[in-house]
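Enquirer: Spelled out, the chains give:
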Amino acid sequence: MTQLMIKDLFVNVEGKEILKGLDLTINEGETHALMGPNGNGKSTLLAAIMGNPKYTVTKGSITLDGNDVLTMEVDERSRVGLFLGMQYPSEVSGVTNSDFLRAAINARLDKPIGLFSFIKEMEKTIEELQMKPDLAHRFLNEGFSGGEKKRNEIVQMKMLKPRIAMLDEIDSGLDVDALKIVADAVNAMQHEYAMGLLVVSHYERFYQLLQPTHAHVLLDGKIVESGDMKLVEKVDQEGYDWLLEKYGITAAKEKKKEPVRLGSCAAKKAGS
Amino acid sequence: MKSETIKKRDVQLHIKKDGFFSFHIEGSEASQLLITVDKHISASLYITYHGIDIACNCHVVIESGSSCKILFWNEVSSSMRFQQTAEVGRDASLTIGYGDLSEAEVVSDVQAALLEEGAQVQLLTACISGQKKHYALHCLHEAAHTSSQMENYCVVKKHGDYIMKANGQIKKGAYQSTSVQKSRVLTMSEQQRSEVIPLLLIDENDVKAGHATTVGQPDERQLYYMQTRGLTREQAISLLVIGYMMPIAEIIDHEELRDQLRTDIEKKVGYHA
Chain Y
18 MTQLMIKDLF VNVEGKEILK GLDLTINEGE THALMGPNGN GKSTLLAAIM GNPKYTVTKG
78 SITLDGNDVL TMEVDERSRV GLFLGMQYPS EVSGVTNSDF LRAAINARLD KPIGLFSFIK
138 EMEKTIEELQ MKPDLAHRFL NEGFSGGEKK RNEIVQMKML KPRIAMLDEI DSGLDVDALK
198 IVADAVNAMQ HEYAMGLLVV SHYERFYQLL QPTHAHVLLD GKIVESGDMK LVEKVDQEGY
258 DWLLEKYGIT AAKEKKKEPV RLGSCAAKKA GS
Chain R
33 MKSETIKKRD VQLHIKKDGF FSFHIEGSEA SQLLITVDKH ISASLYITYH GIDIACNCHV
93 VIESGSSCKI LFWNEVSSSM RFQQTAEVGR DASLTIGYGD LSEAEVVSDV QAALLEEGAQ
153 VQLLTACISG QKKHYALHCL HEAAHTSSQM ENYCVVKKHG DYIMKANGQI KKGAYQSTSV
213 QKSRVLTMSE QQRSEVIPLL LIDENDVKAG HATTVGQPDE RQLYYMQTRG LTREQAISLL
273 VIGYMMPIAE IIDHEELRDQ LRTDIEKKVG YHA
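Protein chains in written order, with our numbering: chain Y, 18 to 289; chain R, 33 to 305.
Because the hints were derived from the structure by calculation, they are not lab data.
Hints may be right or wrong, so weigh each one.
Computed footprint of chain R on chain Y, listed as stretches where at least three residues anywhere in the stretch have a Cβ under 8 angstroms from a Cβ of chain R [claimed, not checked]:
hint, region
1, 86–92
2, 95–105
3, 112–120
Derived contacts from chain R toward chain Y, CB cut-off under 7 angstroms, selection only [what the hints assert, rightly or not]:
hint, residue
4, 253
5, 254
6, 257
7, 264
8, 275
In silico EDC-like cross-links for lysine to aspartate or glutamate, where the CA-CA straight-line distance does not exceed 20 angstroms [what the hints assert, rightly or not]:
hint, chain 1, residue 1, chain 2, residue 2
9, R, 214, R, 291
10, R, 214, Y, 116
11, R, 300, Y, 159
Every value quoted in this text rests on a predicted model; they were computed, and no experiment measured them.
All residues carry an ideal CB built from backbone N, CA and C; glycine is no exception.
Excised from the complex, chain R in its bound form (with noise of 0.2 angstroms):
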């Protein structure tokens, strides 16, 4: 898989024509990125982070008609902030992913706008906490016929610290739209704080919306049942964890770095299948 590394402060990515790159981007305290998706294209965008202490502003344009997947990987040692805000023009579709093993403390402030009669938004987060991991994802609803769906996964350990806040707000006139979001939240030990606060702030009669959260210890009777597969209880919470991680894998469709980030992800819970 071939990536081009940036090491600018300020980056630009200009994407023209169909296609998926891969970008491999050394922060700073400073960072911006500007990721414009020209009329009518249909791009799938591979980002990974590197560095210590980074600080990131992101502005992302779709323009009407386009599809764009974008999965931005952390892999920051020491800490992330990253804001990050979105336009969606007619009938574009933009689908985010943000996955983070890393050990980084991260803030996290996504807010993508629907600005125009059928666009589509996608946020995904996939993150094991075993530290401080505060995630808010808005969805902003400004036109009719527009849709908006969150999917949060997280693991959080000892000493994890999760807090996400996913807020789905439909504007007055935007009708026949629909805003989900689903959390499902793994704890492993009693020392953790994991927080969901789903939001959805509605000024739309006609419209749907809905929301489900899940926080809760592995479940027992699901492990005895893995267990008398012949696998231990450990090999059995590590499948459980990477079923937690492996959506956010899957949002782009590339079969290489599908394969390369499960196996990051089986390294990291200590899984060898």
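Excised from the complex, chain Y in its bound form (with noise of 0.2 angstroms):
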């Protein structure tokens, strides 16, 4: 049984600590929500089970199936079965979608797979996320529009089959129907093998759709309150103010741009 296990985790950025002994752990089958106001480390958790060099893990440990996930180059990561559908895909000028995504299957596979049955299974995906035919031989993300780039880090979730798959904030900037489609391919994933899934996002539509097997509440660089999809409706309804009150935190918040004040103009003050 697959299981991603995260003990006592300490994440560094650029020299801020963020993640501050975090404990978390996904069996297959198993559906987590993660909420939590910006800037309380859910990103950051996910970029450093992924491995972004961005990211210094100071303390604790992340195994898959036993297997220490932290010594793991990243494309390491992604062979053994993890996955990071992104907030922001990076656009890759040059490189076609087909040619990157036969290229990412093949590098976890003994013997290349059939350029016929690639396509085929390519199409078939296109289609089941509802994009355009053409999507595969333009270039990766190059010119997509963000519901477009959204979609295809799930296309190649679907062909890449991870174990456990992590999802940030996937369902932004998609339109209600797109997040039907998503929602809908993600769950036929699940229902056909049972992969894991962590999954970040702020709105509780997305959270309906896929009816979340576990939720946990992400504050000041730990978990402090966990349930199921309850707990879920309850953040929907009443925000995070009650789990600050309740455990005495107060969360990171990210920096308001305050309005920048011009000041008097001098030359009417000269006029004066």
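Hints are included, so try docking the two chains, each in its own frame, into the full complex.
Expert: What follows is the structure in structure tokens.
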């Protein structure tokens, strides 16, 4: 059975400690909703699991079926079955979606996938996500709308068949119809095989469609409350204040930009 | 794919009918090549150069109403000096690609003249530079309603020395003409030199002209993104490099040729999909 286990995880970003002793276990077939105000470490957790070089793990462990994930390169993590659907996928000019995906699939096979079966599967997946058929021949995410990029992440996920998939605000930038298409595709995958899911989203709507088995609230670098769909609903209705009060925490807040005051006009002052 | 092998010093290719033609030229230190395309002909030419220490003078004439695509592929082994002039007539269109994966030192000088109204020229270059690769491209607009486009791709490796001087010149009276150029250079090492010099010399008011240049190392965010899907860093870089070389392999609409060039490119960058 597949199990991703995170224990007492501390993560630094550019010298600032973001995660401060986080524990989380995801088993195959489970869907975990990860909530919390912006700037409290949700994306950091996902990036640290995937191995983004900007994030430094200073303490703790991440294991997949007992194997140490932290010693693996990013690409190795992908090949052992981790997937991160990104909030802002990169655009890569000159590399077509199909060449990229075929290379990614072949990277995890002993014998390369036949061109014909690859094309067939890609066409099927593109159709399922209701994307334009020319997707395969377009350059990777180049000139894609926000929603197209997100759906393309799901196309890749479907074709790479990860054991544990993480989705980082994959629903932002999607309209209601596209949200449904993405959720259906994710649900269909879980129906096919017991993929584990860790989903970050700000919207209850996406969680309603995915029906998470577990839900967590991440505040100030730690998971402070865990539960199920009821917790998602409660957060949707009441926000995070009750939790902040309960645990006496000040949530890390993203700095708001103050309007710039230009001061009074010197010319006018001189004239008056 | 059938290819005609030519070993003469003076080569004249007179294209009188539509179609795809492939030539394999054994060059010398004083090769001459004259390509003439008759009126109202639509032809594609794939020309490979072979040999050691080649110097070639090439002249291309595209007569009115014709459309011609030529892809030169350099397979010379030590050094190649290539000088080319081209004349494009009324409502004719000429596309020339210069592909170079070779280890040869290359100095290439191309001048294309858009002589009559409606003439179009497109020049594309793509090379991998681990040694001297110096190019000078010049599109000269002599008449109104003409358009030229230059597109250059280069991957510069350790000890590479790449210069691209691309000049779009629109003369007085060549109104409503367009000259655009784009150069993309990917640098793989600190021990290299690469220089792109875009020039636009415009003597007419009613024209459109523009240039875009990017020179830089592989983007770390792109590499990370590709790695999260299971590609090693080396594989990700190879895919980027192939992306720089493929546009030139696609200028002639010929599937067999494109596949063959793609295989050559993949071999060159050590990539096996």
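Enquirer: Confirm or reject each hint.
Expert: The hints, checked one at a time:
1. Only when three residues or more bring their CB closer than 8 angstroms to a CB of chain R does the claim for the region 86–92 of chain Y stand; here the count is 3, and the claim holds.
2. Here the region 95–105 of chain Y counts 5 residues with a CB under 8 angstroms from a CB of chain R, which clears the bar of 3, and the coverage holds.
3. Counting residues of the region 112–120 of chain Y whose beta carbon lies closer than 8 angstroms to any beta carbon of chain R gives 6, which meets the minimum of three for the stated coverage.
4. At about 5 angstroms, the closest approach between the beta carbon of residue 253 of chain R and any beta carbon in chain Y falls short of 7 angstroms, and the interface hint on this residue holds.
5. This hint holds: residue 254 of chain R has a C-beta 5 angstroms from the nearest C-beta of chain Y, less than the 7 angstroms allowed.
6. Given the 7 angstroms rule on beta carbons, the hint for residue 257 of chain R holds: about 4 angstroms separates it from the nearest Cβ of chain Y.
7. With a least beta-carbon distance of about 5 angstroms to chain Y, the hint placing residue 264 of chain R at the interface is held under the 7 angstroms criterion.
8. The restraint placing residue 275 of chain R at the interface with chain Y holds, with a minimum CB-CB distance near 2 angstroms, inside the 7 angstroms limit.
9. Restraint check for residue 214 of chain R and residue 291 of chain R: not satisfied, since their Cα atoms lie roughly 25 angstroms apart, outside the 20 angstroms limit.
10. For the given pair, residue 214 of chain R sits about 24 angstroms from residue 116 of chain Y by alpha-carbon distance, which is inconsistent with the 20 angstroms threshold.
11. Taken as a hint, the residue 300 of chain R and residue 159 of chain Y pair is broken in the structure, with Cα atoms around 26 angstroms apart against an allowance of 20 angstroms.
In summary, the structure is inconsistent with hints 9, 10, 11 from the numbered list given earlier, while agreeing with the others.
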